[in-house]
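A.B. asks: So the chains spell out like this:
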Amino acid sequence: MIDPLAAFNVFILFYFAVLNGTYLILSLVAFLSLRKYIDRLESLQIDDLLASSGGLPISLIVPAFNESATIAPSVRSLLTLMYADYEVVVVNDGSTDDTLDALVAAFDLEPIVRVPTSNLPAAAVRTIYQGVRHSNLIVVDKENGGKADALNVGLNYSRSALFCAMDADTILEPEALARIVRPFLEDATTVAVGGIVRIANGCTIDGGSVDDVRLPQSMLVRFQVLEYLRSFLASRVGWNTIGATLIISGAFGAFRRSVVADAGGFDTTTVGEDMELIVRLHRHCRDLDRPYRIEFIPDPVAWTEAPETISQLGRQRDRWQRGLAQVIGRHRRMVMNPRYGVPGMVALPYFVAFELLGPAIELLGYVAFVAAIVTGRGSPLYIVAFLALAVFLGSAISVAAVALEELSFRRYRRFRDLIVLLAMALIESFGYRQVLTWWRLRGLVSAARSDLQWGAMERRGLERVALGGAQAPGGDQADTASANPELLAIGDGTHVPSDQARPN
Amino acid sequence: MNWLILAVLVLAAVNLAFAALVVLLRVNNARRAKRLQARKLVWYPRIIALISDGSVPESLTALVEPQEQGDVVEIAWDIARRLRGTDRSRVEEFVTPLLQMLIPDLKARRPETRARALQVVTALGGAEYEETAVEFLDDPSPLVSLVAARALSQPSHALQIGQVLDRLDRYERWSQALTSSMLAEVGMDAAPAMRAHLDDNDRPTHARAAVARSLELLRDIEAASVAADQLEDADAELIAACLRLLSVVGTEAQAGAVRPLIDDDRFFVRGAAMTALGRLGSRDDATLIVGALDPDSPWVAIRATQALAALHATADLADLVTNGGLPAEAAIETLYGGAA
Chain A
1 MIDPLAAFNV FILFYFAVLN GTYLILSLVA FLSLRKYIDR LESLQIDDLL
51 ASSGGLPISL IVPAFNESAT IAPSVRSLLT LMYADYEVVV VNDGSTDDTL
101 DALVAAFDLE PIVRVPTSNL PAAAVRTIYQ GVRHSNLIVV DKENGGKADA
151 LNVGLNYSRS ALFCAMDADT ILEPEALARI VRPFLEDATT VAVGGIVRIA
201 NGCTIDGGSV DDVRLPQSML VRFQVLEYLR SFLASRVGWN TIGATLIISG
251 AFGAFRRSVV ADAGGFDTTT VGEDMELIVR LHRHCRDLDR PYRIEFIPDP
301 VAWTEAPETI SQLGRQRDRW QRGLAQVIGR HRRMVMNPRY GVPGMVALPY
351 FVAFELLGPA IELLGYVAFV AAIVTGRGSP LYIVAFLALA VFLGSAISVA
401 AVALEELSFR RYRRFRDLIV LLAMALIESF GYRQVLTWWR LRGLVSAARS
451 DLQWGAMERR GLERVALGGA QAPGGDQADT ASANPELLAI GDGTHVPSDQ
501 ARPN
Chain B
1 MNWLILAVLV LAAVNLAFAA LVVLLRVNNA RRAKRLQARK LVWYPRIIAL
51 ISDGSVPESL TALVEPQEQG DVVEIAWDIA RRLRGTDRSR VEEFVTPLLQ
101 MLIPDLKARR PETRARALQV VTALGGAEYE ETAVEFLDDP SPLVSLVAAR
151 ALSQPSHALQ IGQVLDRLDR YERWSQALTS SMLAEVGMDA APAMRAHLDD
201 NDRPTHARAA VARSLELLRD IEAASVAADQ LEDADAELIA ACLRLLSVVG
251 TEAQAGAVRP LIDDDRFFVR GAAMTALGRL GSRDDATLIV GALDPDSPWV
301 AIRATQALAA LHATADLADL VTNGGLPAEA AIETLYGGAA
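Each protein sequence line maps, in turn, to chains A and B. Heads up: the first sequence begins at 1 in my numbering, then just goes up one per residue. Heads up: the second sequence begins at 1 in my numbering, then just goes up one per residue.
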């Protein structure tokens, strides 16, 4: 008779082999793709290209909820981007603090009448303001409705063919807009482009821009830095190469306005509105047999603040998992449906097997591993194989991600930071991944119970991510976290973020 | 069992080897950056001096050691990109003999390598590499073809603009903004060829629409009559582009061709026609515009009220305000610059 534990252990070994094997292949694909991409950028001379084309007009839509501490410097920073023709549309989503007052005072706003150019359903708009000194700054004050609702309002009142959805405390590099617009210029069928999101904790931030890139002091945030590298440079680049980008971060993504409006805008009933929109755009365009491209490119950079405490991180991952479950549940018709091409036949099934169900299977695998050792029923062969597939192969993927960063963008210039990242890659499989798996499992359980609550997140504010990562005086601002599951699977299937804040 | 232990050991070793590789990469990158920086410190002042002191470029070229040619070309290109006229010519004169080193790259298998080499030789080699750029317009790689087209879309290559126009169908997927602004870079010398292209019904309509936009950017007055002739075409994209061109360079003479289009079924054609009529029409056209105002289309309402403002039809705008609805909001936005 077959020992159930032994049978399960074999299944787990197979599972980890496929999971980590997939990521190793994605890393390899990403390596080839990144090399090609960087050469392509050099041959195009992006600055000259954009200078000659004049770019395309774009609206930056910035939802804000209780961001009074940081909104003025954030918006000021957005108004200094290196781009010829853009407007900033800040949507105050019914803040209960003085976010609106801060904006009015800082930018000398005055009420205006502005005709909405689409009519996506959303909470009521109270007043629209325009900057007296910055006529390209529009502030829409509305009733609270959540991030997706605020984005829909921003879309209704934006006037450009393209729009960029971002978070209020995300810092864009000065040339980020120019870079993210390039795919729209090169291919008129492009409907959405995602840029890379990097962690700003520990960096020197001055006047709303990241001056000196450093690793943070906190081990927890360092692990997240590594996750971001793995997720963006390996996973997303890899998926993008085969035309299966399913996630564009809610913290930084550009879209063709007309297509998003036609598809119904952002979904206000999920905590994963960014992934939901991308999956829906695939579905929408394929249902209409419309040629389209959805791209992830790694050179436009946005910086964001990562959770610094275990509890914040746990809530964030819990929320992402719920978002993922909602998105997959809503678009289950696409899974293994040839009509939806590579996204439907490859990416979504992968997300179901390794991202959605992954936490449950992995955690059971860890439990079975311990049980096998404790009860003496685990053969040495199994123990060694488990270590090889679940631990060392996982670490190899993380080290490969650091290698991809070094081969491509080399943002962490200090030699010490590089060594620390490598050390993180080697040790993260011993504890950190397992804890993440546990949080994701909680999210999965919540999703099964249709729990739509949002976790609270305490934010320090990037303006106060001072030199060397020290926090400047002024006290923390309590805030709450919004959706944006940045499901960036890799190795262990962990998800990486763009996490921004506010309650629903 | 032994092989499994071996596998674990190999994986652990692979991890460490990967890590070591990353460190080596960093060391190598740092060394290269240091070398380039050292060469910049030497060559930037030399090239800047060449521009300012009137010395002979060839004598400076002779100072370039074979092993530093690649870096010097990069440095020269970096400087040349910011220059125009004789200053740029002097840098080009200095660097042209060094460009021979890039000729093998033009035959490379990787399109990125060909594109990069083509960009440098055409940017710094001037007329000497014009024929090369024309040849590469037909390169199988769209990237290389794009680089060639951009290289030829310069005032100094105006005589070759026909070659680029003949291949616009290759660039169907580019955004119109990219194609049109690239063509406009050539300047007014290219306008006659572009007008002929716009007027040629055998050309693809997306290419003609992009050319119309280029002529708009160039503000080519002579293109107005050509644009008006295209307004009966079936392609909405071309009609809208020609209407936009007319709204910039047209005269009263073309208003008659524009008027019927303010009732077009396609909202973006209606909107463009409103704008053009606001620019070309007379005060009497205000009534037509108000009559055609679509209360359900915000884009058309905005264009219509802006056209009324251009025709100084403030009374009509004031009437719209009192009627309420979307046209009223558009009228307020137009009349008062949006002030509530």
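Read the hints as simulated data drawn from the structure, not as lab findings. Incorrect hints may appear among the rest.
One side of the interface only, derived from the structure: several residues of chain A facing chain B at Cβ under 7 Å [stated by the list, open to error]:
hint, residue
1, 17
2, 21
3, 40
4, 41
5, 143
6, 188
7, 219
8, 220
9, 395
10, 406
Ideal Cβ placement from N, Cα and C applies to all residues, glycine included.
A.B. asks: Restraint: residue 41 of chain A near chain B, CB-CB cut 7 Å. Satisfied or not?
C.D. replies: violated (9 Å)
A.B. asks: Tell me if the interface restraint on residue 21 of chain A is satisfied: Cβ within less than 7 Å of some Cβ in chain B.
C.D. replies: With Cβ-Cβ at 12 Å, over 7 Å, it is violated.
A.B. asks: Would you settle whether the hint for residue 17 of chain A is holds or violated, based on the nearest Cβ-Cβ distance to chain B being less than 7 Å?
C.D. replies: violated (12 Å)
A.B. asks: Per the CB criterion, is residue 220 of chain A less than 7 Å away from chain B?
C.D. replies: Violated: closest Cβ of chain B sits about 22 Å from residue 220 of chain A, beyond 7 Å.
A.B. asks: Min Cβ distance, residue 395 of chain A to chain B: is it shorter than 7 Å?
C.D. replies: Cβ of residue 395 of chain A sits 5 Å from chain B, so the hint holds.
A.B. asks: Under 7 Å, Cβ to Cβ, is where residue 219 of chain A needs to be relative to chain B, so tell me if that hint holds or is violated.
C.D. replies: For residue 219 of chain A, the interface hint is violated, since the closest Cβ of chain B sits about 18 Å away, which is over 7 Å.
A.B. asks: Quick check on residue 406 of chain A please, does its C-beta sit within 7 Å of some C-beta on chain B?
C.D. replies: holds (5 Å)
A.B. asks: Taking 7 Å as the limit, does the beta-carbon of residue 188 of chain A come near enough to a beta-carbon in chain B?
C.D. replies: Since the shortest Cβ distance to chain B is 5 Å, the answer is holds.
A.B. asks: Using Cβ atoms only, decide whether residue 40 of chain A comes closer than 7 Å to chain B, and label the hint accordingly.
C.D. replies: holds (5 Å)
A.B. asks: Tell me if residue 143 of chain A is really an interface residue toward chain B, meaning its C-beta lies closer than 7 Å to one of theirs.
C.D. replies: At about 18 Å, which exceeds the 7 Å cut-off, the nearest Cβ of chain B leaves the hint on residue 143 of chain A violated.
Going through the hint list in order, the structure does not satisfy hints 1, 2, 4, 5, 7 and 8.
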